[in-house]
Amino acid sequence: MGIVNDTIREDVKRTVYEFFAEECEIDIEEIHEESTIIEDLGGDSLMFLALIEIFTKKYNQNIDLKTIGKFSVKNPVRTIGELVEMQLLIIEHGNQIIDLQNN
Amino acid sequence: METAFIFPAFVPEYLGNEPELLSNYSEIFPKRLHEAAEIIDSGLADFDIVTNNFGTDELRSQLISYIFSCSLSDVLIQQGQIPKLGAGYSMGLYAALYSSGSITFESGLHIISQAYHQMKMAIGDGAYGMGSIIGLNHQEIKDLLHDPSLKIVNHNGRVSYLISGKKESLLHLLKDAQTEGALSATPLYVSLPYHHHMLRTAAESMERILCEQHGIQTPNYPLVSCIDGRILDQKADIIKEIVRNIDHPINWQHCFQHMLDRGHTRFIECGAGKSLYNICRFFPGNFKVYPLNRLHKLLQTKD
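Respectively, the protein sequence lines represent chains A and B.
The first sequence begins at 0 in numbering that gives the first Met the number 0 and counts up by one.
The second sequence begins at 0 in numbering that gives the first Met the number 0 and counts up by one.
Just chain B, with the same shape it has in the complex (with noise of 0.2 Å):
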């Protein structure tokens, strides 16, 4: 049975007891953590993940999410669970290239701190963010987009979506859909429109600071973009894929499609929470999705 690697974004809530888990295999995540502290940004060693005293700072969370998910990656590939694909959503494409040995972990920190310094740049002094839809499907949420500024930039399954633009349209037009009759329509805790094509200074930007400060390699196992499923496994390819995550939109159903096709029914999610398990769930095929908190599960069987 080949297995697949899948890396979430950003994770807003933990359930708690991830390190805990996670040490079950091994101490590397508080390594891991200090180790970022010192490259780039000291506050990080004071995370605390029943708190998630990060909760509301969006660059940390960023960073401590992918800390975690390398961390678990790493734990993954020592216990002999060797991916044949793998694909990051969103923010999570960091940690992919990290796994998949295409940028060094120091490298993965420093780009996901320029690219959101950049996107804040990009955006200057306006309000932006992003909120989730559930219930919906893409017309009706297409028929409510009254400001140009927002766009649906996450397909995430039938009937679930994100959104980002202007704060103030945001929040009418989750106001909106919920009279319309979504089951769920919440603003994300994000100040940054992630995905959208107001961001294309931003993605310029990083386009040449990837080429003159980060040395991609060409990754040892190949990627799925998530943004049109296409298969990353060139050095051009990857930095091309992480230019355009920060200004196109992305469709994980698309992309875990593509990697169905491709014969993969074992996925582990790569990070803290449970958040692609929960979105893969409605997809239709035989496949199973493993989250940290399924992984011992996972570990137990001998195929």
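The following block holds chain A by itself, in its conformation from the complex (with noise of 0.2 Å):
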């Protein structure tokens, strides 16, 4: 398990608002915490793939994919703001994510 302090919240978030600028063409201030992945910015399951591809890599994680499904089956991520908290949670606590849903 990873420990998560201000640096790595940081890059996380720097990245995430990054990798949306790029992709969906927009200003990186037009994002905001609150901004909504499929509505607002027009993003789609695709770049969610790549962004936890780009975690994995970044992080050096060992990550089985299903546990990410079904963890946001129960964790559904609607917002940047989540997304971010989301990867967060992916990055401190790896495969055993799936086990927070149940304590």
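Just so you know, the hints here were simulated from the structure itself, not pulled from any lab data.
Since this is a predicted model, take the numbers as computed values, not measurements.
Ideal placement from N, C-alpha and C gives every residue a C-beta, glycine not left out.
Among the clues, some could well be false.
[What the hints assert, rightly or not] Cβ-to-Cβ under 7 Å is the rule here; a few derived chain B residues that face chain A:
(1) ASN52
(2) GLY54
(3) ILE133
(4) LEU182
(5) PRO186
(6) ASN277
(7) ASN292
[Said to hold, decoys possible] Stretch by stretch, here's where chain B covers chain A in the computed footprint (C-beta under 8 Å, at least three residues):
(8) 40-48
(9) 61-71
Mind assembling these two chains? They're in different frames, but the hints should get you there.
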């Protein structure tokens, strides 16, 4: 399990914002925590998958995609802020993220 | 750097600014739309990209996508972007054939319409459809296919697939896939089980129609088969590909890899939206895909 400090938190947030700014061709200043991924930014599940792969490589994680899928069914992500929080949980808990919903 | 044109299937959602982006280079799309309305369906002239008023009309959606792709291909070639290779994803094949000079614009409209009606006849009154599953691999999806009517028909990547079959079974499958841990499992807005072998009679009919009614020509540049990665550079190959594209599964990753293997590293997505750009980003290799909204970046470069 990883430790999430302020540096990692800032890195995840910056990466997510830059990713959507680039992919959706919008000014990064227009993206906020409350921006909805699908309605406001035109994002989709392939972008979500791409982000997971970016963080998996960056933080050298061996994460089972199905675990993230199962977690997100019970903890759906709608906004950029929620997406950042989910990525932080994945970095912190890895495959044990699935146990969080049982606590 | 060798350029290849890649053509998406019909586009369910538009960014909304495609005609504006295209009009930066040419006014060809409205002209083509008007031409198509006169040739095949007068209602096409009422197309509104902002509201996507044909979003639930499967045939018109296919025709609009074809018209847009053909227009963009024309513009690119006028701008000096000469493809050395091309490939059409699913129904994108028709625009690829137009671009390569293998069929005329008019023939493409008729072939799309005829194929659609033949497929409708082939399935009769049953309810069918397609669904997308992202996040599960091939074997994990196969393990969920309990109804033999369901088939994996599009391999878009390691964990990205489309499934065709009976609608009721398909909806059950999508629910099961979600429970199993798919990141996304959603139905597509189509009523036909595209690329499914149950469309065999439609494929056979289309073979007759193609030979009797349409003057298929040898392409000006080779295309790569989306079904098996073969190079299509002869008239007979093209006819066979149109027919097989109806009732055979496709493997886009395989097709794309064949283009990479032939040294192509620059791909232009000739269509609205950026569906192929989104799929191709997961493929290994050093290449770049330019969808319409990034075309200005390509046209600024010198090589």
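Tested hints:
1. ASN52: violated, 19 Å
2. GLY54: violated, 16 Å
3. ILE133: holds, 5 Å
4. LEU182: holds, 5 Å
5. PRO186: violated, 14 Å
6. ASN277: Result: holds, 5 Å to nearest chain A Cβ.
7. ASN292: Result: holds, 6 Å to nearest chain A Cβ.
8. 40-48: Since 7 is at least three, the answer is holds.
9. 61-71: holds (count 8)
The earlier numbered hints that this structure contradicts are 1, 2, 5.
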